[in-house]
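Enquirer: Residue-level listing of the chains:
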Amino acid sequence: MCLALPARVLTLLPDDLAVVELGGVSKEISVALVEEVVVGDYVIVHVGYALSKVDPAEAEKTLALFAEMSEAAQ
Amino acid sequence: MKYIDEFRDGKLARRIAAAIAAEARPDRRYALMEFCGGHTHAISRYGIEDLLPPAVRMIHGPGCPVCVLPIGRVDNAIAIARQPGVILCTYGDLLRVPGSKRVSLLKAKAAGADVRMVYSAADSLRIAQDNPDRQVVFFAIGFETTTPPTALVIRQAKAAELGNFSVFCNHVLTPAAITNILESPEVRELGTVPLDGFIGPAHVSTVIGSRPYEFFAEEYQKPVVIAGFEPLDVLQAILMLVRQLNEGRFEVENEFSRAVTRDGNRKAQALVADVFELRRIFEWRGLGMVPYSALAIKEEFAPWDAERRFEVETASVPDAKACECGAILRGLKKPADCRLFGTACTPESPMGSCMVSAEGACAAYWTYGRFRQVS
Ligand code: SF4
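First to last, the protein sequences are chains A and B. Position one of the first sequence corresponds to residue 1 (my numbering), numbered consecutively onward. Position one of the second sequence corresponds to residue 1001 (my numbering), numbered consecutively onward.
Derived by calculation from the structure, the hints in this document are not laboratory data. Keep in mind it's a predicted model, so treat the numbers as computed, not measured. Don't take each hint at face value.
Claimed, not checked - Keeping only pairs whose Cα atoms sit at most 16 angstroms apart, straight-line, the calculated EDC-like set for lysine to aspartate or glutamate is:
| hint | chain 1 | residue 1 | chain 2 | residue 2 |
| --- | --- | --- | --- | --- |
| 1 | B | Lys-1267 | A | Glu-36 |
| 2 | B | Lys-1002 | A | Glu-58 |
| 3 | A | Lys-61 | B | Asp-1305 |
| 4 | B | Lys-1002 | A | Glu-35 |
| 5 | B | Lys-1002 | A | Glu-21 |
| 6 | B | Lys-1158 | B | Asp-1274 |
| 7 | A | Lys-27 | B | Asp-1123 |
| 8 | B | Lys-1158 | B | Asp-1305 |
| 9 | B | Lys-1002 | A | Asp-16 |
| 10 | B | Lys-1267 | A | Asp-16 |
| 11 | A | Lys-61 | B | Glu-1253 |
| 12 | B | Lys-1011 | A | Glu-71 |
| 13 | B | Lys-1101 | B | Asp-1319 |
| 14 | A | Lys-27 | A | Asp-16 |
| 15 | B | Lys-1109 | B | Asp-1075 |
| 16 | B | Lys-1267 | A | Glu-71 |
| 17 | B | Lys-1011 | A | Glu-68 |
| 18 | B | Lys-1107 | B | Asp-1075 |
As the list claims (entries may be wrong) - Ranges of calculated distance between the beta carbons of each label pair, as one might list FRET restraints:
| hint | chain 1 | residue 1 | chain 2 | residue 2 | range |
| --- | --- | --- | --- | --- | --- |
| 19 | B | Glu-1219 | A | Asp-15 | 37 to 47 angstroms |
| 20 | A | Glu-71 | B | Val-1103 | 49 to 59 angstroms |
| 21 | B | Glu-1049 | A | Pro-56 | 27 to 37 angstroms |
| 22 | B | Lys-1298 | A | Asp-15 | 16 to 26 angstroms |
| 23 | B | Gly-1085 | A | Leu-65 | 21 to 31 angstroms |
| 24 | A | Asp-15 | B | Glu-1247 | 44 to 54 angstroms |
What the hints assert, rightly or not - Pulled from the structure, derived: some chain A residues nowhere near chain B, Cβ distances all over 10 angstroms:
| hint | residue |
| --- | --- |
| 25 | Ser-26 |
| 26 | Val-38 |
| 27 | Val-39 |
| 28 | Leu-51 |
Idealized CB from N, CA, C, for every residue including glycine.
Please put together the full structure from these sequences, using the hints given.
Expert: Following this line, the structure appears as structure tokens:
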């Protein structure tokens, strides 16, 4: 039950609800726990609630770090 | 899928694995515990252990909420579900957990109790609104990730003055469990595998942030790397831990910076602090009694607390004799060391809780065939 994946926010609805898309499937979730969600954000969804937003710049940095750290050893 | 596929790239995985193999010194030991069941699952699913050199050993921790729920609390939930007029709602994983005499919620349901599987806490609130003449109880479990949603529905029930809804709260805390693994008296009695470093949880950390782990790094001089749940995340975290150990460092590093900050999700933390308070002690399956390791509902929300409403008393019930979940949850044994593994105990018919949830070590080993390497 701990598995959760990043999903893209498609629409914001009243009562802190939102529709998100994950692999072509859309689903209604709550964004009540996260501050300032906008359409297009990626959020980490767990048991029907967004827990945090994905920071695109940090994701890029991590991907760059994979390449860099594995290269340093070759 | 964005933020998923890039973190599963096989070529890059082999390169990171090669870096780990090149940097891990064959003459020293790297015993690394992944606390979280989500990591245990990923490690089994992607065969990460097969990519590691012999000096690096993964030890599966107790971070699976279904696995650490004590049998006494399962019995409590079953007793509540059997009361006339009650609808008991819970997450799907809990339905098959065997309680005393191997009775599960699923069996209680087959015998007539109204037990319903919900996807989220909000669903259980909706069921209460739709069934005003029934008592609806949400059987809530989980670490810091599922706690904020439970807090939210309790607040919503109070605001709506919903008289037929309550929560049976079993929320537990990650830092308390890590401390227990490192220093409980049982560890001295039973012995424990030496641990050299930790992979910190992904989603728990989105809520609590990386700050709580700073204490462990400092106090126990163990490095912690918080990692995402994708295979590259896990491999990268292992490489970062190997480097810290080689360099004699013990710091908190954050591999999952795309979703975890040092402070975490303050809005969620404030909500949890508003609704819950610490229990003085709580039983964990496999770890025993752990001080200040769980949450109870505050007095202010007493009408929505199922423990008060149904006057719940919890007995401490031992595991099935041959079940090794306790030792597995402490990292002392591997699933294949249990003689019930794959014979009397399978995901279809679990004897112990480690076989129930997909994040349990036994279920993860069974599902992805990891046991074959030892047979
Ligand atoms: S295989 Fe089953 S009985 Fe054995 S430790 Fe795992 S859950 Fe317990």
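Enquirer: Check each numbered hint against the structure and report the violated ones by number, ascending.
Expert: Violated hints (numbers, rising): 3, 4, 9, 16, 23 and 28; every other hint is consistent with the structure.
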